[in-house]
Every structure is written in C-alpha cells, then in structure tokens.
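Engineer: Take 1 as the starting number for the sequence shown in the numbering used here and just add one per residue.
Please keep in mind that the hints were generated in silico from the structure rather than gathered at the bench. Yeah, the Cβ is synthetic: ideal placement off N, Cα and C, and Gly gets one too. Check before you lean on any hint, since a few could be wrong.
Stated by the list, open to error - Label pairs and their computed distance ranges (CB to CB):
1) 145 with 216: 51 to 61 Å
2) 82 with 124: 50 to 60 Å
3) 263 with 457: 45 to 55 Å
4) 285 with 223: 21 to 31 Å
5) 377 with 400: 29 to 39 Å
6) 82 with 105: 15 to 25 Å
7) 191 with 105: 50 to 60 Å
8) 457 with 403: 20 to 30 Å
9) 59 with 139: 55 to 65 Å
10) 428 with 400: 38 to 48 Å
11) 279 with 377: 27 to 37 Å
12) 207 with 139: 30 to 40 Å
13) 403 with 87: 42 to 52 Å
Said to hold, decoys possible - Straight-line distance between alpha carbons at most 16 Å, and here's what the computed EDC-like set of lysine to aspartate or glutamate pairs gives:
14) 167 with 371
15) 219 with 248
16) 127 with 345
17) 157 with 427
18) 477 with 463
19) 450 with 427
20) 495 with 67
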Amino acid sequence: MYKVTSCLRIRYAGIMGQSCCSPGLARFHVGRGAVCQKSSIKYRPTDLPEMPPCNFKPVAYKGMSKERMMEIRRQNCNPMTMKITYFKRPVFIHQGHMQWLWDVDGKRYLDLFAGVATVSVGHCHPKVTAAAEQQLKRLWHTTNIYVYPPLHEYCEKLASYLPDPLKVIYLTNSGSEANDLAMLMARLHTGNFDIITFRGSYHGGSPQTMGLTSNSSYKYPLATGSGCSNTMCPDVFRGPWGGSHCRDSPVQTTRECSCSHGHCMANEQYIGQLKETFATSVPGRIAAFFAEPIQGMGGAVQYPKNYLKEAYKVVRERGGICIADEVQTGFGRTGSHFWGFQGHDVIPDMVTMAKGIGNGFPMGAVVTTPEIAASFVKAFHFNTFGGNPVACAVASSVLDTIKEDGTQQNSLDVGTYLMTELAKLRDKYEIIGDVRGKGLQIGVEMVKDKASRDPLSPEAMSEIFEDIKDMGVLIGKGGLYGQTFRIQPPMCITKEDVDFFLAVFNKAIHSYMDRK
C-alpha cells in the first residue's frame, strides 16, 4: 500500500490534557523549544504543528510566475474562474502524490478535499498512472460506435460491484452529464415528468440538473430544469426535528431525544413532509426522486436511518423511480459499504456516479436496470468521449487499487478515528455545532453558538479556512450558508495525517476564539 507513515505516532487525544509523551499526538515545534508542557489547551498559539514526513520529492517548478498566472486568470479565463477561486491568498498547485500537494514554491499541503472529493485512491497513484500510460501508448481515442476491449472490460467489472438488477451501464464524462441522462431515462421510462430532490441538494450545473440543485448560489435567473420540485431535507442537526441517535454515524448530534429504541420521531416528521410535497407540489404521478446517500455540497448532511427506505416506498407508490446520486459517496468513501445507498439498506432503480470513479480523470456513469435502459433506445444518443479507452483503463485500475490497497477499510478506520476526535473538539468549542459523516465523507458545521445553531458568519469561516490553509492543510466548505467545513480526502490518508490535521484545526479554532 502506498501510505505515508510518521516516525512518531502521537494521538490527538493529547489535546484533551493527556501527557504529550503518551502514544499518539503529532510532534510540533514550540516557540521556546521542543519541550511539551501539560495543558488543557495542548496547542498554544505559538505552536506550529509538524507535518508527517513524506519521502516523495516533487520536481522543481520552473514555469510562469504566480503574478502572470493571476493576470491570465483575470484576462483570459472566464470571470467565473476568479469568482470560485478559494482563499484570499490562492494556492498555486504544481504537483501531487497520494495525499500530498505541492505549490509552485515547493510548500507541501495535506490535501483533505481531494479536488472536491474526486481523488479517490491518491494523487498520481503509481498503479493508476501506470495503467493510463500503458493505454496512452496503445490507443487514446475511439468511440462506442466501435467495439474496443477497455469499454467492455470495465463495464463488466463495474457491474460486478452493483447488486441485481443494476447491471446496465452508460458511461459519461462527468456527474452533471450522468444526472442529466438519468433525468431523461426516468422520464422516458415512467412517462411522467416531475422530479423531486431535497432542499440544499446539489446534483450538477447543466441547464437540466440546475433544476435538481436546490441552492440559490447555483441558480441563474433563467428557466432551467423545469419539472423539478424540492422537499424538506431531513437534516437531523439543522432541521426542525432531530435527536441523539437518528443517523448512521459514529458521532450523533447533541440534540435531546426522547424516542424509544427502534422509533424515530424525526424520521416520521420528515416522511410527512415528503408526503406533503406530493400533496401540494407535484402531480399524482412522478418520474423520479433524486437523493445523495449523504449530501456532499450540502455539507455532509445525513438523514434518519430509515428515511430513504420509507421515502423509496412512497415514491414508487406514485410511479417514480429512485435514483441514488453516488458522485461523492461511491467507491468506498463511506467505509462501511462500497456504495452509500447500501448503508441505507435500499436498492435504487438507478445509480449515478463520477468524481472518484476515475481518481480525477474525467468520467461518469449511469447504472440502471435492463427495463429502464430499454426505454433509452427510443431515439439516438451519442457521447463522443464517454467511455473512451483511456478513461476506461484508468477507472478499471481505480477499482483494482481500491481492492488491493484496502482503501475502503482505511476509509472506515481513519474516518471513524477522525470523527471521534473531532467530536471532542465539538464538545470543547462553542462554535463547533456538529460533526457528522461516515468513513471519509465528513462535515463539521460551524455555528455562532450551540443554543441558536445560527450559522457562523462567512467572514469568520473564511478566517479559519485561511488559517488552516496557511498551516498546510486544504479542506473544503459547503452547506446552504457556507457554514460547514468539508473533509473528503484521498482515501489513502493515515492516522498520523489525521493527528496533524487535528492539531492544525484546533490551533485555527483556538486562534479565532482568541481574536474574537
């Protein structure tokens, strides 16, 4: 396995006041020397956490200046590129290896966002890189109007990872394409038009999938994605209902709960809201219901344990098919299962996927049943690059690597450890409202205070976000109000990496509280 190990494993539990010489806790530089002092706040403002070592040496950067890149970014790139640029002081990425990134100045970063949950097995993973190189020497491009081995080898392999009757695959280039195609297939198969998604969801940025997406930040003042309605997201932390054992996660909310064992009042209320949507917002029969097993852009939002099982039943009674958007949760990221929907004990009628499917190589897929797929041939559909030879070779190698490297199990073990330790910080700091997720699909929701649960301000989020970056860690942001830190790293990270991040995160929060 291609993993980075630390010469000194120190668990972050030391933050909570244990001796710094006990097993666990990352080494760090102290302003007056390397002597550790026992304290309730382990990492004082003068402490600079030390990164775990890495034996990979990047190539020295000799390209254009940062100033020239920014000039081109402003003049020649669409202004949207500048609008979405992370950080006041942007990161200029040059090279990557596994969980690490280097900027043009040679500074190393621990990547805990994976190019927006896209790099699954590691940046430039040697096995996947070798597969791409081998295919590039043989055949770069042809299309599915011809029969070529990589397409069929990959489709057979991918199908083996899905339960019956989900065995028919159409390959695309992105998640937006996959979801766009899923909308079309659902409408063709059912003969119905309306589609329901959750508020706060994100399912793509194409004109059609913008209808599925329910976040005003991604909406334009145009008629897009007609026939799409949104129902209340069953968010057990921020929503009106939630308790202390609602979700399938090693960390629960701190909300009080009086439900008896096996009974969830929050689930009943949210299913009631879905039924209300059917009664008020759509015709009696619908085409589909889209849901991510755990919301990604929404901020790793999790639902009550039985919600999707009951929602699928309601949807199917009204003629709709159930679509699992696995763009961010698939390929072992949730740890306990290969697919996020499996954690809900459901089998959807269609699964869409992208991002981790190709470890950063552009690729997506729609997987469905033979019956639904048959509806697609009522006209011609052609995708020039979908399932091209290089994409298929890369994606096939990703599946092999996940199995050979034990990536899914690592996601479960390291992710559970990370969430458990983050929960200790939640209990320590008033502005950490919630820690949630499964495996390495994790959200940390920030609040003004725990009583109100009002979102922490964008300015405060940016301060903390920038500090974390300056200390050498890259994470993401999400949530309806941008109030959730997203942690979705390459699934090869280690507990030593986690200890380093926890030290950095604690220091960033502590410094913010001091300034406040």
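Engineer: Each hint needs a verdict: does it hold in this structure or not?
Structural biologist: Each hint, compared with the structure:
no.	hint	verdict
1	145 with 216: 51 to 61 Å	violated (41 Å)
2	82 with 124: 50 to 60 Å	violated (27 Å)
3	263 with 457: 45 to 55 Å	violated (37 Å)
4	285 with 223: 21 to 31 Å	holds (23 Å)
5	377 with 400: 29 to 39 Å	holds (32 Å)
6	82 with 105: 15 to 25 Å	holds (21 Å)
7	191 with 105: 50 to 60 Å	holds (58 Å)
8	457 with 403: 20 to 30 Å	violated (44 Å)
9	59 with 139: 55 to 65 Å	violated (28 Å)
10	428 with 400: 38 to 48 Å	holds (42 Å)
11	279 with 377: 27 to 37 Å	holds (35 Å)
12	207 with 139: 30 to 40 Å	holds (33 Å)
13	403 with 87: 42 to 52 Å	violated (36 Å)
14	167 with 371	holds (11 Å)
15	219 with 248	violated (31 Å)
16	127 with 345	violated (33 Å)
17	157 with 427	violated (44 Å)
18	477 with 463	holds (12 Å)
19	450 with 427	holds (10 Å)
20	495 with 67	violated (37 Å)
Hint check: violations occur at hints 1, 2, 3, 8, 9, 13, 15, 16, 17, 20; the rest are consistent with the structure.
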